[in-house]
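Turn these sequences into a full structure, and let the hints guide you.
Those protein sequence lines, which keep their order, are chains A and B.
Using the working numbering, the letters of the first sequence correspond one by one to residues 1 to 212.
Using the working numbering, the letters of the second sequence correspond one by one to residues 1 to 651.
It is worth saying that the hints were derived from the structure and are not from the lab.
Just so it is clear, the structure is predicted and the values come from calculations on it, not from any experiment.
Yeah, the Cβ is synthetic: ideal placement off N, Cα and C, and Gly gets one too.
Be a bit skeptical, because a hint or two may be false.
[Said to hold, decoys possible] So these bits of chain A aren't anywhere near chain B, every CB distance computed over 12 Å:
#1 18
#2 43
#3 49
#4 64
#5 65
#6 94
#7 95
#8 104
#9 105
#10 122
#11 131
#12 132
#13 140
#14 190
[Stated by the list, open to error] A few chain A residues that face chain B, going by a derived Cβ cut-off under 10 Å, partial list only:
#15 118
#16 161
#17 164
#18 166
#19 167
#20 170
#21 175
#22 188
#23 194
#24 198
#25 199
#26 203
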Amino acid sequence: MKLTDKAEEILETLWVELIEKKKEKCDVTLVKREEALYELIRGGYTRMTEDKIALSEKGTEAARQCIRRHRLAERLMVDVLDFKKGLVHETSCNFEHFLHKGIDENICTLLGHPKTCPHGRPIPEGRCCKESRKHVAKLIVPLPELEVNRSAVIAYLHTHDREALRKLIAMGALPQTEIVLLQRFPTILFQLGKSQFAVDDELASHIYVRRL
Amino acid sequence: MRESNKLIIVGSPNVGKSVLFNALSGSYATVSNYPGTTVEVLRGKAVIGAIEWDIVDTPGLYSFYPISEEERVARQILVNERSDVVIHVVDAKNLEQLVPLTLQLLEAELPTLLVLNIMDEAEKAGVRIDAAALAEQLGIPVVPAVATTGKGVAELRTAISCYAAPKATSRNLLEYPEPIEKVLDEITALLAPMQSAHISRRALGLLLLKDDAEIMEMIRHSVPEAFGRIMAVVETLWKSLPEPIEYRIAVRQKQEACRLVSLAVASETRPSGFREVLSRLMMNPLTGFPIMLCVLYLGLYKFVGEFGAGTVVNFLEGTVFEGYINPFLINIFTRIIPWAPLRGLFVGEFGMLTLGLRYAVALILPLVTFFFLVFAIIEDTGYLPRLAMLIDRTFKKIGLSGRAVIPMVLGLGCATMATMVTRTLPTKRERVIATLLLALAVPCSAQLGVILALLAGRPRAMLIWAGLVGLVFLLVGYLAARILPGRQASFYIEVPPLRMPKLSNVLMKTYTRVAWYFREVLPLFLLASALIWLGQLTGLFDLLIALLRKPVALIGLPQEAARIFLFGFFRRDYGAAGLYDLNKHGALNGIQLVVACVALTLFLPCIAQLLMNVKERGWKTGAAISVFILFFSFLVAYGVNLVLIALGVSL
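Right, dumping it as structure tokens:
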């Protein structure tokens, strides 16, 4: 059964209070009359004793997912949609509820598996984060960040400088081409097919490569 | 009778176009600069299959859409000249990178023939190519060759003489994404009335889409009535695409090239050999800079400086000229011209023959020859791009890029020639900075030879001179980079494999350059002698020398040095040679020698370079550079003299 938005918000508060702040129990006088609270109790997410409340195992996992979606939404607002930090909370409160299972992993991958929200609080890890750690690092990097002598394939060129783009095209630095970074200093040297080219850092930073 | 058949050779740099050109044309060839450029184009004749062919060797071309001046020239030749066969020469081991140009040539409906050159290197690198399969895929003859050994040249001759242009098919060689194809169809229809181009309308359309200014101008002229409508179609497409269209087109061409190559080529990776190891050592800063110093020390100091400027010049000047030629000439002229002042024009102290000819032949000629010989060897091995990559970071600080290493090293030979070569630098800002530094702080081989000879016995003096000139070079460059407007230079260069220089190539290049230099320089030397003679006869020079005496005395030099500075203007090396004479008579002490060498190195360029500065950079910039150098060189010399005396240095 899908939880209501209000119930999800209560779970988030409980996560912050009980898990992050490590309180024994949480006072729920504020939400006592909310229908959502009973929704959570009925669903077996929380246990109630007098005016205090605790998370069940099921509730802890659900709260973890809610908090993760919320903070990912905040990251998305700030990093991609360019919101100001102060405005983020409210908008992401509405937005997070759309990020259901699967979508949150896509967003998380898109953002490069961020560890914290814009306010510096930790984002609980998803399955995708664990998997990406097996790959050690980000999949696509600008050429200057590639390890020396590691082969890679050009994923795309990204630049607003048309002259630079034309130079790269003339060199044949195009998607699907295999590329090996040979040297980083004093000038970037790379192997492209059977030719070698030397380019400065700026030009090289327009080439994005995927490690092989 | 119809004009003879024409063969155009194209391809990227370092794939052996010139060697192939020589192999086909044999003896006769002319080198000329393409109109309005410094880019050399080789033209020759050959008899292939009992028919006479005109052969053109074009400068390096990476793609049909040109970026550099060399590429522009090569493309212009293809667009403007009728061709019966276009030979596309590629480095066989690198087909994936190079076949896109073949596709572009075919798209332009040029009668293309593909030569897979340097097959020996490809085989060594583990690349096996099925030439027949590639020929079938492309629909044109494909000839494997090793031009340096002559392998495959006979087959190429046969392929040329029985060349038949690929049959026109309704199917395009390469289909682009739908919106591009649609617009291409519209453009080719609108271009229908066009007559004059030697390349297909489809290729013209693609170039228009890539925003090619030259082609746009050409179309504006040849079909003015349709131009507006064409551009409207083009611009609509531009606006509808998220990324520049040349990116999409290039990606598509590369994709097709990879597909074709995968059908015909099998390659395995082999461990890199000694050459690759050496190449990497040259580019690793830890080993690269020592190697650079080694090359400069052995090549310039030992070979050009000590052997060229020392041994050879001494022999030519002392033994040959002063021992035999001058006495002989003086003897003859004394008999035929009894009037002493007129006789002075030819065989006097500053005579055109006894001084002008002597300097040019005995001093400058050997120096320049030795320098260009070394330069040609360095160039042929492929060392220059490695040097460029090593030095780029430093040169960025002075507003240049690694590419400027080529004019700068050439400037150590002849700064006038190097100033002309600054045209190959991509931005105006870089050209101005390079011109300034060449005029100010890069001594030419003639100067260098004489200065090295002057300071040879005094290592400390040499160190101070080199340090100061180097410092001025970096400092002025740094300041110029801060002051001049414009964007930071961008750097990219292909690093070709290291190769053993080919003797015939080296000799040919040296000969061409020395011949050019001598043609330019000899008349100037004779003219300078005549002007000096005239100046002396009329007393004008005495006046100028008197004017120069004050500043010369200020920098602590004897009065005779005033004359040297004046002469130095007529020819930078001429002044240095005058200094050499002065020193031979023991007129200078250590400090004076250093000051004089610094001042002469920095001082106004020779008249030829001054003219070149004005010609290349325009009146305003040329004049500003000259005035700056005039004051700056004296200022530095003045400061050096004061400091050295104050410190009580003995050199």
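Results for each hint:
no.	hint	verdict
1	18	48 Å, holds
2	43	46 Å, holds
3	49	59 Å, holds
4	64	39 Å, holds
5	65	35 Å, holds
6	94	30 Å, holds
7	95	26 Å, holds
8	104	28 Å, holds
9	105	27 Å, holds
10	122	37 Å, holds
11	131	30 Å, holds
12	132	28 Å, holds
13	140	17 Å, holds
14	190	10 Å, violated
15	118	29 Å, violated
16	161	9 Å, holds
17	164	7 Å, holds
18	166	6 Å, holds
19	167	5 Å, holds
20	170	5 Å, holds
21	175	6 Å, holds
22	188	9 Å, holds
23	194	4 Å, holds
24	198	4 Å, holds
25	199	4 Å, holds
26	203	6 Å, holds
When the structure is compared with the earlier hints, violations turn up for hints 14, 15 and for no others.
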